[in-house]
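Colleague: Sequence:
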Amino acid sequence: MNLKKYIDELKRRNVFKAGIAYLIVAWVIAEVASVVFPTFNAPAYFMKVLLIILIIGFPINLVFSWIYDINREGIKKTEDIDQEAPRSKLTGNRLNKVIIASLSMVVVLLVFNLFRNSPGNIEAKMESSEVVEALDTDEISIAVLPLYNLNQDAQLEWFSNGVTQEIIDELAKVHQFRLIAFSSTRKYKNTDKSSKDIAAELGVSFILFGTSRKYVDSVRLSMELVNPETDLIIWSDRYDDLFSNTLKIQNDIAKQVVAELNIELSSEEKTNLNKINTKNPEAFNLFLQAKAKYFDLTRDGITESINMLEHAIELDPKYAQAYTLLAWIHILNGEPDLMADADFAVKTVEKARPLIEYSISLDPSISDNYLIMGALDLFYLNNLPS
1 MNLKKYIDEL KRRNVFKAGI AYLIVAWVIA EVASVVFPTF NAPAYFMKVL
51 LIILIIGFPI NLVFSWIYDI NREGIKKTED IDQEAPRSKL TGNRLNKVII
101 ASLSMVVVLL VFNLFRNSPG NIEAKMESSE VVEALDTDEI SIAVLPLYNL
151 NQDAQLEWFS NGVTQEIIDE LAKVHQFRLI AFSSTRKYKN TDKSSKDIAA
201 ELGVSFILFG TSRKYVDSVR LSMELVNPET DLIIWSDRYD DLFSNTLKIQ
251 NDIAKQVVAE LNIELSSEEK TNLNKINTKN PEAFNLFLQA KAKYFDLTRD
301 GITESINMLE HAIELDPKYA QAYTLLAWIH ILNGEPDLMA DADFAVKTVE
351 KARPLIEYSI SLDPSISDNY LIMGALDLFY LNNLPS
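First residue of the sequence shown: 1, per the numbering used here; consecutive thereafter.
One or more hints might be untrue.
[As the list claims (entries may be wrong)] Derived SDA-like pairs: lysine to any residue, alpha-carbon spacing no greater than 25 Å straight-line:
1) LYS318 with ILE302
2) LYS270 with ASP241
3) LYS279 with GLN155
4) LYS196 with GLN155
5) LYS196 with ASP241
[To be verified] Label-pair distances were calculated between CB atoms; the ranges are:
6) ASN307 with LYS189: 23 to 31 Å
7) ASP296 with GLU201: 21 to 29 Å
8) ASN307 with VAL63: 54 to 62 Å
9) ILE29 with LYS193: 36 to 44 Å
10) TRP66 with LYS189: 55 to 63 Å
11) VAL36 with GLU268: 42 to 50 Å
Please keep in mind that the hints were generated in silico from the structure rather than gathered at the bench. All C-beta atoms in this analysis are idealised placements derived from N, C-alpha and C, irrespective of residue type, glycine included.
With these hints in hand, go ahead and build the complete structure from the sequences.
Modeller: Below is the structure:
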């Protein structure tokens with residue numbers, strides 16, 4: 001069969017029309033799903049699975065249209081049809097109707113997208129952009145509020161608080177940002193206060209809000225950067241990943257905030273923001289859990305935190321942040337025992353110095369290391385005999 005006869009045969013079997021109809025229908029399905037899935041908080045992998053099914057279905061559709069034909073007697077194999085007979089008008093007409101209906105849906109979706117990007121929305125975005133451009137870029141103050149745990153379960157709680165602190169730490173790598181400590185923003189978790197009231201109390205220019213939701217083995221973070229003066233959303237986005245693979249999520253959020261606020265980074269800041277603290281997911285989760293445990297300042301919580309961090313360091317011996325946090329927790333571990341057993345307190349706190357020194361050798365950019373070194377010196381000054 002030469003090329004012309006082969007193309008004629010494809011036309012006779014309506015393969016071209018079937019392919020066009022399938023692509024249009026698949027596009028409509030994907031567009032509708034991209035709106036419907038987030039509305040019902042569907043897991044991120046739903047969209048991926050749908051796209052894979054649609055892609056696999058395309059060649060299957062072409063093969064089906066080549067082998068089978070639709071006529072007045074129903075679906076029949078094409079081989080059963082006289083080769084000299086004209087191509088099935090019934091099949092062609094039905095495919096034409098499918099294409100027309102699908103194109104109508106495409107028009108509806110395009111109109112919907114135009115409505116979403118209406119002048120009112122564009123104007124709001126422009127106002128938001130003007131506010132950013134008008135900022136005094138010598139210092140930009142930001143409060144990162146604790147992520148709201150939509151599932152209200154214990155596992156997601158420590159993850160939400162831990163990631164909030166990680167986002168603060170990442171943003172703190174930018175010299176132009178002034179970040180409010182998590183210890184000060186923690187009280188606003190699940191608050192009913194307006195962004196304007198919170199900003200006034202904390203003295204900040206911007207507030208970063210967020211929610212977290214867990215689906216079986218995946219997690220979704222929804223983030224919003226708000227200008228509290230105007231209540232305009234400067235930026236919003238969703239981050240979906242497997243619960244066991246959220247190592248870069250705080251880096252991605254920090255870089256996006258930097259981009260939206262038009263911050264010009266130095267080469268050192270770019271390097272620091274691109275740096276992944278650990279490539280071991282289990283070590284990262286242990287680190288987040290340790291942060292949640294020690295923050296309550298209970299004896300059991302501190303002991304559990306130490307065990308978790310030591311395990312994290314076993315999994316990743318180059319995890320500088322784990323050494324830093326472990327050193328700080330050793331200092332906290334010594335403080336409550338000063339009056340009861342000063343020798344125990346000193347021995348406990350002494351464990352911190354080599355940890356800090358090693359953390360600095362791994363990553364000199366961690367500012368907390370130098371604060372902890374100062375805390376160590378203050379401890380010895382106040383508590384050791386002269």
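Colleague: Flag every earlier hint the structure violates by its number, smallest first.
Modeller: The structure breaks hints 4, 5; every other hint is satisfied.
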